[in-house]
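Trainee: The lines below spell out each chain.
Number of protein chains: 2
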Amino acid sequence: MRFYDCSTAPSPRRVRIFIAEKGLDIPVVQVDLRNDEHLSEEFRKLNPWCTVPVLELDDGAAISEAVAVCRYLEDAHPEPPLMGVDARDRAVVAMWEHRFEIDGFLAVTEAFRNAARGLAGRALTGPDHVEQIPELVQRGRRRVERFFAALDAQLAHQPFVAGERYTIADITAQVAVDFAGWIKMSLPAECRHATDWYGRVSQRPSAAA
Amino acid sequence: MRFYDCSTAPSPRRVRIFIAEKGLDIPVVQVDLRNDEHLSEEFRKLNPWCTVPVLELDDGAAISEAVAVCRYLEDAHPEPPLMGVDARDRAVVAMWEHRFEIDGFLAVTEAFRNAARGLAGRALTGPDHVEQIPELVQRGRRRVERFFAALDAQLAHQPFVAGERYTIADITAQVAVDFAGWIKMSLPAECRHATDWYGRVSQRPSAAA
Chain A
1 MRFYDCSTAP
11 SPRRVRIFIA
21 EKGLDIPVVQ
31 VDLRNDEHLS
41 EEFRKLNPWC
51 TVPVLELDDG
61 AAISEAVAVC
71 RYLEDAHPEP
81 PLMGVDARDR
91 AVVAMWEHRF
101 EIDGFLAVTE
111 AFRNAARGLA
121 GRALTGPDHV
131 EQIPELVQRG
141 RRRVERFFAA
151 LDAQLAHQPF
161 VAGERYTIAD
171 ITAQVAVDFA
181 GWIKMSLPAE
191 CRHATDWYGR
201 VSQRPSAAA
Chain B
1 MRFYDCSTAP
11 SPRRVRIFIA
21 EKGLDIPVVQ
31 VDLRNDEHLS
41 EEFRKLNPWC
51 TVPVLELDDG
61 AAISEAVAVC
71 RYLEDAHPEP
81 PLMGVDARDR
91 AVVAMWEHRF
101 EIDGFLAVTE
111 AFRNAARGLA
121 GRALTGPDHV
131 EQIPELVQRG
141 RRRVERFFAA
151 LDAQLAHQPF
161 VAGERYTIAD
171 ITAQVAVDFA
181 GWIKMSLPAE
191 CRHATDWYGR
201 VSQRPSAAA
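Taken in sequence, the protein lines are chains A and B.
Mapping to my numbering: the first sequence position 175 is 175, numbers consecutive.
Mapping to my numbering: the second sequence position 188 is 188, numbers consecutive.
Mixed in with the good hints there might be a few duds.
If several chains are the same, the list does not tell them apart, and a pair holds so long as it fits within one copy or across any two.
[Said to hold, decoys possible] Derived DMTMM-like pairs (lysine to aspartate or glutamate); straight-line CA-CA distance at most 25 Å:
1) Lys45 <-> Glu21
2) Lys45 <-> Asp152
3) Lys22 <-> Glu79
4) Lys22 <-> Glu56
Quick caveat, the hints were computed from the structure, so don't treat them as lab data.
Fair warning: this is a prediction, and the values are worked out from it, not measured in the lab.
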């Protein structure tokens with residue numbers, strides 16, 4: 001098994017934190033995104049979407065998409081559970097993970113990729129040329145503000161995003177909050193529940209991943 | 001248990017097909033999206049994101065996000081399996097489901113919601129005012145073309161999106177193809193593998209859902 005990572009990139013960090021929480025030791029291959037290694041013919045054979053993370057299994061199957069990689073690791077290494085403990089809980093975790101991927105992680109991505117000079121023509125991940133759209137920078141930033149507020153509301157009545165336990169939903173939200181730093185946005189002071197939560201998840205050893 | 005649906009909407013159709021494939025009989029509440037019932041105070045209490053599908057469990061928990069609702073139904077009613085049969089297979093299914101949600105379903109959504117007159121100020125789902133961005137119409141359409149090509153490539157060497165079995169990944173892709181009809185796009189003739197697959201999945205009784 002090999003984990004294709006890029007140590008500076010937020011998307012594979014979701015999996016890095018998941019691996020750290022599971023206490024797993026998986027050989028890592030660094031993919032040099034800065035020099036477009038993910039767009040090379042060789043990497044494209046592994047993952048035609050040209051993204052990291054990718055988990056290559058021993059039979060050669062390449063699993064991409066952060067949530068799918070985590071799904072594999074959760075099934076193969078159930079302890080500690082990070083994707084829910086029963087049918088209801090698994091659904092609640094999946095709901096929040098998905099919602100904060102869209103509203104949080106992808107909102108930051110929208111603001112970032114449509115603004116960064118080095119990403120001209122690469123406004124969406126993947127192999128295709130996609131022009132930046134300046135209006136998406138402001139739209140993305142407004143969406144991030146709403147994400148912060150939604151995260152705060154969710155944490156007003158429970159310690160973690162999906163309830164009493166730390167889960168993949170916390171990881172996705174935590175990585176989105178840190179990624180927001182790339183566009184110079186951070187949790188506003190009035191979001192005190194989210195700020196308290198952020199302090200707690202950031203103190204977990206996995207946050208260094 | 002109650003399923004909040006809108007019988008004309010593509011997003012809850014993903015769950016309708018899933019329910020039909022499982023052979024389940026779940027009481028349905030129709031939400032009148034056309035008259036903004038999803039934006040009402042009452043519905044907002046159930047689902048603050050103002051979206052369908054929502055599955056309300058017997059303890060009152062409201063599960064939104066199509067993939068999370070399906071996750072619950074898969075765990076509660078494992079047969080027939082629609083989200084994979086072992087760790088590797090579940091990861092492959094999750095990868096394709098997620099990718100074709102983003103590249104297919106959300107690409108059509110982007111083209112549709114940024115063009116439809118009746119959705120001015122509602123370019124994204126949810127309760128917030130989001131202006132339409134005309135450039136996203138063409139971007140969305142180009143993404144749908146690439147989705148069709150990716151779907152065709154995937155089906156060139158196997159009968160279903162994630163392998164030998166019909167799964168939730170087929171459902172997401174099938175609903176995206178049908179949703180593309182809303183923006184007057186359909187599988188091009190040269191996508192013969194995808195066209196053959198589309199004919200097969202459309203003949204399943206669940207396609208009427």
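Trainee: Flag every earlier hint the structure violates by its number, smallest first.
Mentor: Failing hint: just 1.
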